[in-house]
Amino acid sequence: NSRQLAFELKIPLELPEYALHMALLAKETGLAGAVCSPQEVEQLRMSCGDDFLLVCPGVRPKWADGGDQKRSMTPKATLKAGADYLVIGRPITAASDPVAAFARICEELE
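Per our numbering, residue 1 is the first one in the sequence shown, and the count goes up by one each step.
Treat the hints with care, since some could be wrong.
Keeping only pairs whose Cα atoms sit at most 27 Å apart, straight-line, the calculated DSSO-like set for lysine-lysine is [claimed, not checked]:
1) Lys80 <-> Lys62
2) Lys76 <-> Lys62
3) Lys76 <-> Lys27
4) Lys62 <-> Lys27
If you anchor each label on the Cβ, the simulated ranges turn out as follows [to be verified]:
5) Val99 <-> Ser47: 34 to 40 Å
6) Gly89 <-> Asp51: 34 to 40 Å
7) Pro12 <-> Ala103: 39 to 45 Å
8) Lys62 <-> Val35: 30 to 36 Å
9) Glu107 <-> Glu17: 33 to 39 Å
Since the hints were made in silico from the structure, they are not lab data. Note that the structure is a prediction, hence the values are computed from the model and not measured. Ideal placement from N, C-alpha and C gives every residue a C-beta, glycine not left out.
Model the full assembly from the supplied sequences, consistent with the hints where possible.
Following this line, the structure appears as C-alpha cells:
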C-alpha cells in the first residue's frame, strides 16, 4: 500500500500527494515533464495540464507477471489516464518472443 511504501522511503507525505508536489515543482521550474507511477497519472494530468509530459514506468499488460512492480496498471488504462509515454520493459524483453509480446500489447491498445 502507498502509505507503507511512503513510510519505508521516509517520504513525509503519502505517495499521491508527494507525486503531485514534485510534479508541480518540476513544472514551476520549467521542466517539460515528470516520471510517475501510473497510479498518479490522472491526478498529475489534471493538475499540470496537457502540455506537461508524463512518462510512466512499471506498465504491465494483464497477462504479464507483475515482477517487482507494486503500483502498475495496464498500458490501455495508463494511456486512458493521461500518460504520454509508457515504459514497458520486462513483459517485452523477458518474453520468449519479444516481437510477439510487443505486437500483443499493440493489439490490446486498439
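(request) Against the structure, test the hints numbered earlier, and report the numbers of the ones violated in rising order. (result) 4, 6, 8
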